[in-house]
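Chemist: Please build the complete structure, drawing on both the sequences and the hints.
Numbering-wise (my numbering), the sequence shown opens with residue 10 and increments by one.
Hints are computed from structural coordinates only; laboratory data are not their basis.
For every residue, glycine included, the Cβ atom is placed at its ideal position computed from N, Cα and C.
Be a bit skeptical, because a hint or two may be false.
[What the hints assert, rightly or not] With a cut-off of at most 20 Å between alpha-carbon atoms, the simulated SDA-like pairs for lysine to any residue come out as follows: (1) Lys171 <-> Gln190; (2) Lys577 <-> Gly622; (3) Lys546 <-> Leu533; (4) Lys578 <-> Lys284; (5) Lys284 <-> Leu199.
[Stated by the list, open to error] Quick list of the computed label-pair ranges, beta carbon to beta carbon: (6) Lys599 <-> Asp74: 46 to 52 Å; (7) Lys599 <-> Asp51: 53 to 59 Å; (8) Tyr92 <-> Ser201: 32 to 38 Å; (9) Asp607 <-> Asp266: 26 to 32 Å; (10) Gly622 <-> Asn357: 22 to 28 Å; (11) Asp411 <-> Glu198: 55 to 61 Å; (12) Arg157 <-> Tyr92: 21 to 27 Å; (13) Asp564 <-> Asp607: 14 to 20 Å; (14) Asp106 <-> Ser201: 22 to 28 Å; (15) Glu198 <-> Asp84: 20 to 26 Å; (16) Asn357 <-> Lys599: 51 to 57 Å; (17) Lys15 <-> Asp139: 45 to 51 Å; (18) Asn327 <-> Ser141: 28 to 34 Å.
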Amino acid sequence: MMKTCKEMASIWNVSVRAVSNLCQSGRIPGAVKNGKNWEIPDDVIKPEDGRISSGEYCKKRMNPDRKPLPIGISDYVRAQSDYYYVDKTMLIKEFLDQKPLVSLFTRPRRFGKTLNMDMLRVYFEKTDEDTSKYFKDKAIWKCGEIYRMHQGKYPVIFLTFKDVKFNSWQDTVEKIKSLLQEEYGRHQELLSSDKISDYEKEYFNKVLSATESDVELSSSLEKLSKMLSSHYDKAPIIIVDEYDTPIQEGYSKDFYDEIIGFMRNFFSGAFKDNKNLSYGFLTGILRIAQESIFSGLNNLTVNSVMDDAYDSYFGFTNEEVSEMLNYYGVLEKESELKEWYDGYLFGNEEIYNPWSVINYVSKGCIPQAYWANTGKNEILEDVLKVADEGITEKLYSLILGDEVLARIDQNVVYRSLTDDPGNIYSLLLVAGYLKTTIKKLQADGSYLCQVSIPNKEIASVYKNEVLSHLIQIGAMSRTTANRIAESLFMNDCVKLENAIEEYMDKAISFYDTVGESFYHGLILGLIATMDTQYKIKSNRESGNGRFDIALTPRDDRYPGIIMELKWKKGLSEENLAVLANEAVSQIDRKKYDSGMRDEGIHKVLKFGIAFSGKRVCIKVV
10 MMKTCKEMAS IWNVSVRAVS NLCQSGRIPG AVKNGKNWEI PDDVIKPEDG RISSGEYCKK
70 RMNPDRKPLP IGISDYVRAQ SDYYYVDKTM LIKEFLDQKP LVSLFTRPRR FGKTLNMDML
130 RVYFEKTDED TSKYFKDKAI WKCGEIYRMH QGKYPVIFLT FKDVKFNSWQ DTVEKIKSLL
190 QEEYGRHQEL LSSDKISDYE KEYFNKVLSA TESDVELSSS LEKLSKMLSS HYDKAPIIIV
250 DEYDTPIQEG YSKDFYDEII GFMRNFFSGA FKDNKNLSYG FLTGILRIAQ ESIFSGLNNL
310 TVNSVMDDAY DSYFGFTNEE VSEMLNYYGV LEKESELKEW YDGYLFGNEE IYNPWSVINY
370 VSKGCIPQAY WANTGKNEIL EDVLKVADEG ITEKLYSLIL GDEVLARIDQ NVVYRSLTDD
430 PGNIYSLLLV AGYLKTTIKK LQADGSYLCQ VSIPNKEIAS VYKNEVLSHL IQIGAMSRTT
490 ANRIAESLFM NDCVKLENAI EEYMDKAISF YDTVGESFYH GLILGLIATM DTQYKIKSNR
550 ESGNGRFDIA LTPRDDRYPG IIMELKWKKG LSEENLAVLA NEAVSQIDRK KYDSGMRDEG
610 IHKVLKFGIA FSGKRVCIKV V
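Modeler: Put into structure tokens, the structure is as follows:
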């Protein structure tokens, strides 16, 4: 009996394209081509995928002549020259077809915003170098002279705020000053221009020396655009990448009023009624409502994850991913890649997380939560603190793999996030933690959506960033919390094991648990209710190393508690117990209890806690 590629793809749990590629490469014995279709013996064994027993990918299958992938590269010239580059230049065509005066692109972090903005800069910027060479082999160049005539014709102002992450307003202002100093430094031809007044040159030198006041700084974009327009007889393009990063920091670090006041003036001068502006581009994660930052800016065109425009230019499409996998000779990994990193829906386009895709391919096709380690949306914590019972229940449902109904409002004012906890779904969507499966536009401009977790990677992120936090803030069964506390007080390992396993069985069933960091957060959350009896410390130095968790009693009646956590996949009950004993031994060996002993606490309980999946084993001495 013979089967089709489609039938074998279903049996082997891979894509049809992957099976076809295996046939073409001669890796399926007995496969024959009948016309345009392959016929495959139904008893053939699926070819090995190249993994070896250690779990490492067999690198010899990767062609050493292939270009490396651009991990962390946001320089367009370098990315397209030295690395495998996914051509996004048709974004330029789509923009030039519409010519909006000011465009705001909102997408999650690590979805290619900075690289795309640098691409726009290189394409449009007038320089001494002929930069057309960086586009002649790209899709935009084939679109005709009507688009090529814009190449290299504009002065450009380019700022990226992606690294403006500080704890105070003063440090933030100093960083913004240095960014403007650098950008003004790129345009020092203005200092010798006879079209620039002495007053303007004086201001220019203030910015170069970073001696301008905060008020003067707020008008720096407007003034630079005027000087460039005068010098070149052509209004510049202004690009501001990750505009909302310092705003997020201001909200989280309590200088929100200062940063909002500054940004309102900063953007107003640059983008509102500025006759010295050809076009403006901004990127960010959130669309800040017009009444806060973009007050009166009626020429702003917003392009969000809900909109059809530009839907394929941030992140990778199915076709782009298939081409990449084929280029590196790993097309058979398409099904796994899709399961882990696909699932986003931007407008009407199905999108892969580009950061995770290139890391997956670069690091031997090992599925991991690569995106999880690229940053954290601290606003989540503020919103989760005010999450009511109904929202908490829906978040748990999401973690369990369900879809939930949510209202999505793209007009976000940061303060409204805590005023209306329901805005958490809007935040989670634009930040990349949710996908929409169904969306219906409402009369007030919001959307009524069915939302869910997009893929395995984000499921693991939820467990670390969302579920762990919900646990820590007490958004869990009070009964469970009490049982945990009682078990610790009574030194009852069996009761403690049962309570933890019962909770994990209810809350952790969507995908496999993600590792020791998750269990660490889980335990911290489960013991959070004990802070009236104990000072709870995590990852602190004591003795000859760093303990995982320590509970120092506030009252002499209670013993001290040291916890060491271990985790491994797929352990038997016997090996789980061995791992728990190893954890206890580590506490003794590294003298983690020495700090408590020094404080006069003589009775210290040492808990070795070992996890494997949803099972736990606890040993105590």
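Chemist: Among the hints numbered above, which are violated by the structure, and what are their numbers in rising order?
Modeler: 4, 9, 10, 14
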